[in-house]
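Counting along the sequence shown from 1, when you hit position 228 you're at 228 in the UniProt record's numbering, and nothing is skipped either side.
If you are wondering where the hints come from, they were derived from the structure by calculation, not from laboratory data. Treat the hints loosely; a few may be bogus.
[What the hints assert, rightly or not] Cβ pair distances, simulated, as ranges:
hint: 1; residue 1: 354; residue 2: 517; range: 32 to 42 Å
hint: 2; residue 1: 517; residue 2: 412; range: 41 to 51 Å
hint: 3; residue 1: 76; residue 2: 151; range: 35 to 45 Å
hint: 4; residue 1: 514; residue 2: 255; range: 24 to 34 Å
hint: 5; residue 1: 468; residue 2: 252; range: 15 to 25 Å
hint: 6; residue 1: 63; residue 2: 187; range: 36 to 46 Å
hint: 7; residue 1: 471; residue 2: 296; range: 26 to 36 Å
hint: 8; residue 1: 412; residue 2: 359; range: 30 to 40 Å
[To be verified] Below, computed lysine to any residue pairings styled on SDA-like, alpha-carbon distance capped at 20 Å:
hint: 9; residue 1: 163; residue 2: 40
hint: 10; residue 1: 345; residue 2: 328
hint: 11; residue 1: 345; residue 2: 332
hint: 12; residue 1: 37; residue 2: 90
hint: 13; residue 1: 163; residue 2: 148
hint: 14; residue 1: 163; residue 2: 185
hint: 15; residue 1: 163; residue 2: 52
hint: 16; residue 1: 37; residue 2: 99
hint: 17; residue 1: 37; residue 2: 92
hint: 18; residue 1: 37; residue 2: 164
From the three backbone atoms N, C-alpha and C, an ideal C-beta is built for every residue, glycine too.
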Amino acid sequence: MNSIFLRIYGGMLAVLVLVALLGAGGLQLLNEVRADKHRESLAGGTFRLMAYNMQSMTPIERRQAANLWGRLLGIPLRVRTLSDVSLESRLEARLLRGQVLVESLYPGRVTVYALVRASDGLVLTGDVEQVSEQLARATIYLLIDELVRYPEEEQPQRLADLKARHGFGYELSLLTRDNANLDDDQRRRLDEGDTVMALDRGGDAIRVFAAVAGTPWIMQLGPLYQMNPYPAQLLLLIGVLGLSLIGLTVYLLVRQLEQRLSELEGAATRIASGNLEVRVPDAGTDSVGRLAAAFNDMARHLQRLLAVQREMVSAVAHELRTPVARLRFGLEMAGDAEDAATRGKYLDGMDTDIEDLDRLVDEMLVYTRLERGSPALAFSAVDLAALVDQVIGELAPLRADVTVERGHCLVVADGGSWAQAEPHYLRRALSNLVTNAMRHAETRVQVSFIIDAQQARLVVDDDGPGVPEEAWERIFTPFLRLDDSRTRASGGHGLGLSIVRRIIYWHGGRAGVGSSELGGARFSLTWPREQVVP
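Use the sequences and the hints to build the structure in full.
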């Protein structure tokens with residue numbers, strides 16, 4: 001899949017399928033828990049009432065009551081001990097707190113536990129397969145058996161007390177014949193002592209009625225609602241709707257992203273075909289906007305590198321033409337020389353031209369190495385005072401009519417004149433600046449340095465013609481010739497200052513040019529005193 005939308009949508013679909021599978025399992029578990037709670041709400045009150053009545057019975061009376069009530073309920077009832085039922089500790093703790101437990105032991109069947117007496121550890125148990133009409137009849141029988149022990153006028157209050165005490169999970173009420181919503185046939189059946197079950201008006205619940213003998217009361221249980229499990233089709237419908245909404249949302253979000261990435265792809269293709277002027281809109285601060293900005297920076301860098309390369313090729317061709325022509329002329333003249341002295345003069349000139357070519361090639365290699373990427377720099381603490389003295393000692397004899405000296409130097413309070421740098425490249429940069437100053441100075445060159453807690457600075461001043469202010473930004477351009485005073489007569493190839501700029505750039509600093517107090521040019525190198533080495 002080449003489309004970002006399809007990849008994202010496919011991932012979302014896989015996640016949704018996984019969530020659907022987990023949801024189906026969770027739905028099944030939820031339905032089982034709800035079914036247990038529903039059975040407990042229907043059977044809990046009846047079992048608590050039976051367990052309460054058994055508390056004062058003898059063991060023989062309990063067995064007889066269990067057999068009688070079991071036949072009424074249609075389920076086997078037994079009175080057992082806690083050690084016999086072997087419940088988990090958490091379930092046993094709930095049972096001892098007076099809760100009725102509904103535990104699923106086999107598919108389609110649950111066991112109900114009700115505490116009879118905690119001191120003896122007696123538990124009433126019953127295996128229930130379904131809540132049937134017989135369970136409702138038995139519950140009414142038990143309730144009526146409790147009510148007939150009290151006067152007629154106290155029976156409604158007694159029923160309310162029973163409901164509250166034993167936690168029946170449905171309504172219990174006493175109605176008169178006029179208040180009960182029954183037809184004639186149902187009233188006749190009640191008069192005959194039968195139990196009547198009627199659908200609620202909505203049809204989703206039932207009500208159970210029975211007459212309390214010897215009173216005008218009709219007992220009503222309910223409404224009793226059937227437990228409706230959440231259907232799996234609901235989960236499927238929710239999943240389909242969710243997938244559709246997610247797909248639409250992802251499509252709307254990704255469509256714009258794909259369009260912007262397509263613009264990047266088209267721009268990259270045009271750059272690869274040679275059109276280096278191509279740029280992409282880099283509006284926005286999101287990841288694509290940052291990618292577009294980085295892409296434009298890369299395109300500008302490539303354009304600059306290729307421009308530098310073309311300029312260098314052109315400039316090198318120009319720089320090589322003169323010494324090669326002089327070599328050819330020297331060979332012709334040496335061949336036509338009439339004596340050894342004349343021939344030696346031309347050979348010495350040829351040797352000078354070869355040295356000039358060698359210096360040009362060396363500077364080109366250094367500049368190319370610095371321009372194409374970060375060189376391997378081994379930073380260490382460099383003593384700037386010793387470095388300045390060394391460079392002055394090496395270069396001062398090359399031009400006797402120019403005085404090269406150390407100027408005023410400032411250091412930090414601790415008196416240290418060190419700064420972290422790459423010794424070889426820093427020496428090369430300072431040598432290039434001093435050589436350039438000596439080439440254009442009239443009588444004097446001054447080298448100084450300034451060090452504080454944050455940065456170090458090397459300064460080279462001369463008393464030559466200086467650099468025009470409008471050329472300060474261009475002075476470090478490779479093979480730049482500002483005017484006729486900086487022609488071949490002054491020497492050099494126009495790469496020395498470019499090499500200086502790249503060296504100090506890789507030191508995290510900058511190279512600057514300005515006017516000197518000596519009347520000429522001032523070149524400076526500034527970089528952090530302590531380097532952060534990755």
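Status of each hint after checking the structure:
Under the hint 32 to 42 Å, the C-beta atoms of residue 354 and residue 517, about 40 Å apart, fit the expected range. For residue 517 and residue 412, the hinted distance range of 41 to 51 Å is not satisfied, since their beta carbons lie about 23 Å from each other. Hint check: residue 76 to residue 151, Cβ distance near 36 Å, so the stated range 35 to 45 Å holds. In this structure the supplied range 24 to 34 Å is violated for residue 514 paired with residue 255, their Cβ-Cβ distance being about 55 Å.
Under the hint 15 to 25 Å, the C-beta atoms of residue 468 and residue 252, about 59 Å apart, miss the expected range. For residue 63 paired with residue 187, a C-beta distance near 38 Å keeps the hint of 36 to 46 Å intact. At about 29 Å, the beta-carbon gap between residue 471 and residue 296 stays in the expected band of 26 to 36 Å. With their beta carbons about 37 Å apart, residue 412 and residue 359 fall inside the hinted range of 30 to 40 Å.
Proposed proximity of residue 163 and residue 40 is supported: the alpha carbons are some 14 Å apart, at most 20 Å. Pair hint residue 345 plus residue 328 holds up; C-alpha atoms about 15 Å apart against a cutoff of 20 Å. Pair hint residue 345 plus residue 332 holds up; C-alpha atoms about 13 Å apart against a cutoff of 20 Å. Taking the CA atoms of residue 37 and residue 90, the gap is about 17 Å. The hint holds against a cut of 20 Å.
Restraint check: the Cα-Cα separation between residue 163 and residue 148 comes to about 16 Å, which is no more than 20 Å; the hinted pair holds. With a CA separation close to 29 Å, the supplied pair residue 163 and residue 185 exceeds the 20 Å bound. For the hint linking residue 163 to residue 52, the alpha-carbon distance of about 13 Å falls within 20 Å, and the restraint holds. At most 20 Å may separate the alpha-carbon atoms for a hinted pair to count; residue 37 and residue 99 meet this at roughly 12 Å.
Among the hinted pairs, residue 37 with residue 92 is consistent with the structure: their alpha-carbon atoms are about 17 Å apart, no more than 20 Å. Note on residue 37 and residue 164: the hinted pairing holds, with a Cα-Cα distance of about 18 Å set against a maximum of 20 Å.
Consistency note: the structure conflicts with the earlier hints numbered 2, 4, 5 and 14.
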